[in-house]
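Given chain P, work out where chain V should sit, using these hints.
The lines below spell out each chain.
2 protein chains.
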Amino acid sequence: MSVSDNVRARMVEGSWIRRMFEEGAVLKQRFGEENVFDLSLGNPVMEPPPQFGEELKGLVENAAPGMHRYMPNAGYSETRAAVAAQLSLETGIKFTWNDIVMTCGAAGALNVVLKTILNPGEEVIVFAPYFLEFDNYIDNHGGVTRVVPTDDRFMPRLDALEAAVTAKTKGVIINSPNNPTGVVYSADLIRQLGALLQKKESQYGTQVFLISDEAYRKIIYDGLKYPPVFHHHRHTIVATSHSKDLALPGERIGYIAVHPECSQREELMDGFIFCNRILGFVNAPALMQHVVRNLQNVTVSVDDYQKKRDFLYSHLVEMGYSVVKPQGAFYMFPKSPLENEVAFVEELRQWNVLTVPGRGFGSPGYFRVSYCVKDATLEGSLAGFKKAARKFNLC
Amino acid sequence: MSVSDNVRARMVEGSWIRRMFEEGAVLKQRFGEENVFDLSLGNPVMEPPPQFGEELKGLVENAAPGMHRYMPNAGYSETRAAVAAQLSLETGIKFTWNDIVMTCGAAGALNVVLKTILNPGEEVIVFAPYFLEFDNYIDNHGGVTRVVPTDDRFMPRLDALEAAVTAKTKGVIINSPNNPTGVVYSADLIRQLGALLQKKESQYGTQVFLISDEAYRKIIYDGLKYPPVFHHHRHTIVATSHSKDLALPGERIGYIAVHPECSQREELMDGFIFCNRILGFVNAPALMQHVVRNLQNVTVSVDDYQKKRDFLYSHLVEMGYSVVKPQGAFYMFPKSPLENEVAFVEELRQWNVLTVPGRGFGSPGYFRVSYCVKDATLEGSLAGFKKAARKFNLC
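Chains as they are written, first to last, in numbering that gives the first Met the number 0: chain P, 0 to 394; chain V, 0 to 394.
Honestly, I wouldn't trust all of these hints.
Because identical chains cannot be distinguished in the list, a pair is counted as satisfied if it fits within a single copy or across any two copies.
Straight line, CA to CA, 20 Å or less: simulated EDC-like cross-link-like pairs of lysine to aspartate or glutamate [as the list claims (entries may be wrong)]:
| id | residue 1 | residue 2 |
| --- | --- | --- |
| 1 | LYS56 | GLU46 |
| 2 | LYS167 | ASP4 |
| 3 | LYS199 | GLU121 |
| 4 | LYS306 | GLU317 |
| 5 | LYS27 | GLU345 |
| 6 | LYS199 | ASP158 |
For the record, the hints were derived by calculation from the structure and aren't laboratory data.
Okay, chain P solo, but in the shape it has when bound:
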């Protein structure tokens, strides 16, 4: 009676990540923190880069009058200009401050984007496996999620996408580097994706936004260069955050960037600014906006993450696990040796290794491993992975 029917139903469905988090807390209390190998969360153990601390100290020691007051709902123009300059540098496309809205992280950015564009019943396409929270974001604003499968390398199946796009499709969410798989989409794939959406736009006389969640854009390995999504579709909106590249997930700072040549760009930006206000964000936190202004080209140590990936990937493969090698983010998504991956995740839990069932990402039969943890945690997890592998005859 107190909680709405829809919220109650969605709560019951629950979040697998959260469930594992709670089970983990119980295990840690029972066995001691150092004897539980929690690979269930994307909460980076790394501290923000040193430049962050310097920037923050400088701002706090030389506090400027008014620095905690309201600013325009889109954020400080200086911060928006700094983001635009960095995007211009990365993409070769000329962005200005006017193409940027500062937000409360990527989750805030995505809610603002979806609130702005969705009429009731309009559809948004996602590619499984995906961050299931997208379903909630889409539902919050009256939209409907359409799930399109990926291939055995976790790349979007364009034939399936082609069949799924209809006159009701308002957007396609992509997330590369990907949570939960760690794969990075190639420029060629994004080009094909853009071409397909443009074909459909012509066919239906619609605008289909490519909404790119790029929270892991700067966490990319093997010397790979991030292929900008903006290059391939002018109806591209980036909704992203500094949670991972600056290791600040608790601070809620991110942004929306709109392609400068997006049609009806001005109304769209007005919509984002308006929805940032009315959804109750009002503006991205002021102090963090000041901080990230000068940190647009700063990133946590990607080498450290790459070493962790190399370590875990090589061990899991050696044990016989089937894993698509991740090239970014800090997750991998191995195939479960049991068809019912919940049972397998439960098996790993018997050895105090915590992971998340693939159905928590719309893809049963896999499980997610997060390696943004201390080396000792990764090392400690190997015994459990090995025992489980032996039990199911992987090695």
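Positioned in the frame of chain P, the structure of chain V alone reads:
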């Protein structure tokens, strides 16, 4: 095509406060900042109290590992406990950390509350004049706003409320000290309000939440003591912020507090925590949660605000304006000498005095004056108020 029909319609309706803000910017450019007397915004010119700077400096200089990471969606239990302790002190009711969810300001808190409780078409009652943004918050989550009038002292008309509460009523939003009038509801009024809601709950077998936006709770004059809303209705939810009492509106830090004896309290709290997550807030900004933990009994100088009120109120009354004397917040809501208050606000603007038409708060025929500005701005505004008063024969 790019922006949803509903968002487009709501944007066109627009915000009077924002319109005045934009007109003000033009005037300031033309006449110089010091020659424009902008009383249109609730963006306090005061700096946060010195304890805020000390707390922030201490946290930044002795940065604790993990202090910018994710924490539970409800916030740090230590911060929640500090808020609970302060509320216990103020109300005499025993709150625990478990009754509190830290939020991105009051706007975030209200959106989380409304998302959690509203089924489509359910109604929320507000008392005009009111902060029109409530309409957007209610509409965001499928609710319908019902407006109930106040009397000539801006106190809710309980007879009208009684007629307005139906089986579809899910909540009543109050805001005392009030924006835009500055009036403070008496304990007796809140008692009657609570009794009426309880009568209606019995009548309909429903739960009607009293949702109290208390952003100005600590900014209260004339030695008045704030009458806790929690005393009079167990289905009370406080949705508030530190934007005004600590002068931090840009930082987005506030909280939801639920009456410890609220029925179905546990499901309600779960709902708030869940909706804080899925609406994209995820959690209140981490650093500000650390900061406000030890500042629960700290407030900006209320004496300074009271002096500003005394100065402006006495001058306006002397000039012949009809003003209900505000006892809190930093607004007053004089009667417009012209029936069409937009024309009167335009008249004031001719003298470079910026205020907001009452229809921006659902009450035409009045205008809002915000006095959270420098003394020089208040002093400078008097000439314009006087000229307008003379023109319309107030004096």
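Hints versus structure:
no., hint, verdict
1, LYS56 x GLU46, "both (15 Å within a copy, 19 Å between copies)"
2, LYS167 x ASP4, "between (26 Å within a copy, 14 Å between copies)"
3, LYS199 x GLU121, "within (15 Å within a copy, 38 Å between copies)"
4, LYS306 x GLU317, "within (16 Å within a copy, 75 Å between copies)"
5, LYS27 x GLU345, "within (16 Å within a copy, 65 Å between copies)"
6, LYS199 x ASP158, "within (13 Å within a copy, 57 Å between copies)"
Hint compliance for this structure: no hint is broken.
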